[in-house]
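Residues per chain, in single letters:
2 protein chains.
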Amino acid sequence: MSRPIQATIFTQNLSHNLAQVKKLTKARPTWAVVKANAYGHGLQAAYAGFAQSEGLALLDLHDAQLLREMGWKGKILLLEGIFTTDDLENCLRLDCDMVVHHASQLILIESWIKLLSPSKHEQVSQKIACWLKLNSGMNRLGFKSAQYVMAYQVLFGLGLTVNHLTHFANADTDHSLPTVSEQWQVFEHCTQFLEGFRSAANSAAILRHANTHADWTRPGIMLYGASPSGLWDDIAGYDLKPAMQLSSAIISIQDLEPGQTVGYGGNFTATQMIRIGVIACGYADGYPRSAPLGTPVWVGNNNSDHGCIVPVIGRVSMDMLTVDLSHAAFAEVGCPVELWGAKVPIDQVAKPAGTVGYELMCALAARVPVRVASN
Amino acid sequence: MSRPIQATIFTQNLSHNLAQVKKLTKARPTWAVVKANAYGHGLQAAYAGFAQSEGLALLDLHDAQLLREMGWKGKILLLEGIFTTDDLENCLRLDCDMVVHHASQLILIESWIKLLSPSKHEQVSQKIACWLKLNSGMNRLGFKSAQYVMAYQVLFGLGLTVNHLTHFANADTDHSLPTVSEQWQVFEHCTQFLEGFRSAANSAAILRHANTHADWTRPGIMLYGASPSGLWDDIAGYDLKPAMQLSSAIISIQDLEPGQTVGYGGNFTATQMIRIGVIACGYADGYPRSAPLGTPVWVGNNNSDHGCIVPVIGRVSMDMLTVDLSHAAFAEVGCPVELWGAKVPIDQVAKPAGTVGYELMCALAARVPVRVASN
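Sequences listed follow chains A and B, in order. Under our numbering, the first residue of the first sequence carries the number 449, and numbering increases by one thereafter. Under our numbering, the first residue of the second sequence carries the number 449, and numbering increases by one thereafter.
Treat the hints as calculated values from the structure; they're not laboratory data.
A pair counts as met if it fits within one copy or between any two copies, since identical chains are not told apart.
The calculated lysine to aspartate or glutamate pairs, modelled on EDC-like cross-linking and capped at a C-alpha distance of 16 Å, are:
1) Lys470 <-> Glu502
2) Lys592 <-> Glu705
3) Lys592 <-> Asp703
4) Lys471 <-> Glu502
5) Lys471 <-> Asp663
6) Lys791 <-> Asp687
These numbers were taken from a predicted model, which means no experiment stands behind them.
Using the sequences and the hints, build the whole thing.
Here it is, written out as structure tokens:
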């Protein structure tokens, strides 16, 4: 009610993007990454859109619980694993696979299992599937090579299923270290004589490094129709479809005389008579405050399907932003606008704002009403 | 459950900051601004913290409804007014004052009232309190001077209570146009012969422009203990207390050799052996992805109350960030951290990240559990 802002999630586009992943990876099993509330798209939409995925990967057991309640029968992977003994018990109850990335988790698992009776031990250990994480060069989570085999042996010795996982720091670029090739070599070397499935490829590696697709892929950002590198052009040829549309409407129009300024800080000054539109969308809705002059916004005509791209002017404020309507003579109060979606790729908003589509999707504010649509 | 991240809202600090406003404004009535989910603090906390405010100002009728259900008996102001006839009826039902900033709203109110029977008209119009908004130079919402008196007469002629409101573009700085003084003159000139209360001063004007305090003030950011200008030093002398703490914990520690990099893009390279901590907080929690090398994070000792400030290194990722622990030898997995709060003013995170505390507060993600505490 009241403000006209709305997000629409197109679940068929989620499904379409997953199908593109399957094409690129010769139908390998996928962990569709749905952490951060499915990158802001909502778990309900992810549940519907990723029905054809073998697994969903996330962080919070609470999300795993919600997915099971919705009826999700596929696999679930906890990407940061467990933090407490309670987590371990909930992980078992919810039938989740878990990443093991640190010695403190090894100790927690080992000591918990050793308290079980022998018969219970056997029964439980068969149910636990770990994905041991190798720090192959990103230096965030994971065991270094020197500790990896030892960690493997601890878990294997407890009778658990142990798989292998690593994460690339630079799959979207060839200009930073460590390279995918370096990390992949470390991963191959470390895991070559060990049993278990392997998973390494994120979206960028799915698109650019087919040799790393391994047993399970882990697509994230590409499932939502945005670019791993932050540049829309990098994925424009892959037939990926934006799954989130952020829309609103013009709520006021002002005519500016030359010399007049707009908004906080007065950082836009009119050099001629211009007509500006005020849109009910601001940074408290998730639109980036850092979006500079010229960031594209699509404005539609109330009486037809036509519209055009107009530039942001002035500073984005908490609840509003302003655009130059000089070249949109049709525009009036009530006209629909698209902040991002099929007409304005989210990357083309993120890039000038100095960030990536990932951050904008995740930052969609709770106050924005979300409609889930099946196209 | 699972991830250790948490936000804590201290309602006594909200009350304390409101009391500071009252001191500065000689106990003038306040519209405590609680839009954007009370700048990310939550309406429940605002309801408790701002019990001594005469009114609460917000955007969404849904929020007004929630506040009435909580038991809020004071005034409520709709800062963008109504968008539809339904809004108008809900506004009356919820006993809200409303801003009127555009001709389309005038038309909506006028045509709705004229459909009422004469007796109903009189009864209803006495209940409607408008705050007519003057565009005194910000060029966002509001009537220009030339239309203002006409708009006033329309509303007054319908028998409604009409008050006056404007908003400053540059109350936090003396270096941009239009100045507060210019806008204030326009406002005074336009409203001097009209009945009704006046409201102009936002936080920055409350702190810096006592001549604009008028009848009702509209404090926002200062109530939450952050700076209108984005610079903590600008408010450090006013005894305002941060009301939101964002805390988490270290979930992994890595030792880096010289030449090794951290995180995506590998944009931090160790020049000597260093020990880094991985913290369960990323941009999908609301921490800014743009936070550069050196952004402060407080790390505490598990076994005492001591701790120290350490610098962010590497790029903030979706669920994690990394810090240099070289000067925090005590730090281990599980140690508490404060991302912002009493130890790390939110402005000191926002500033290096190229934004303001407002944006960070509002961007606190729905996935972060919030605890409301009364200090």
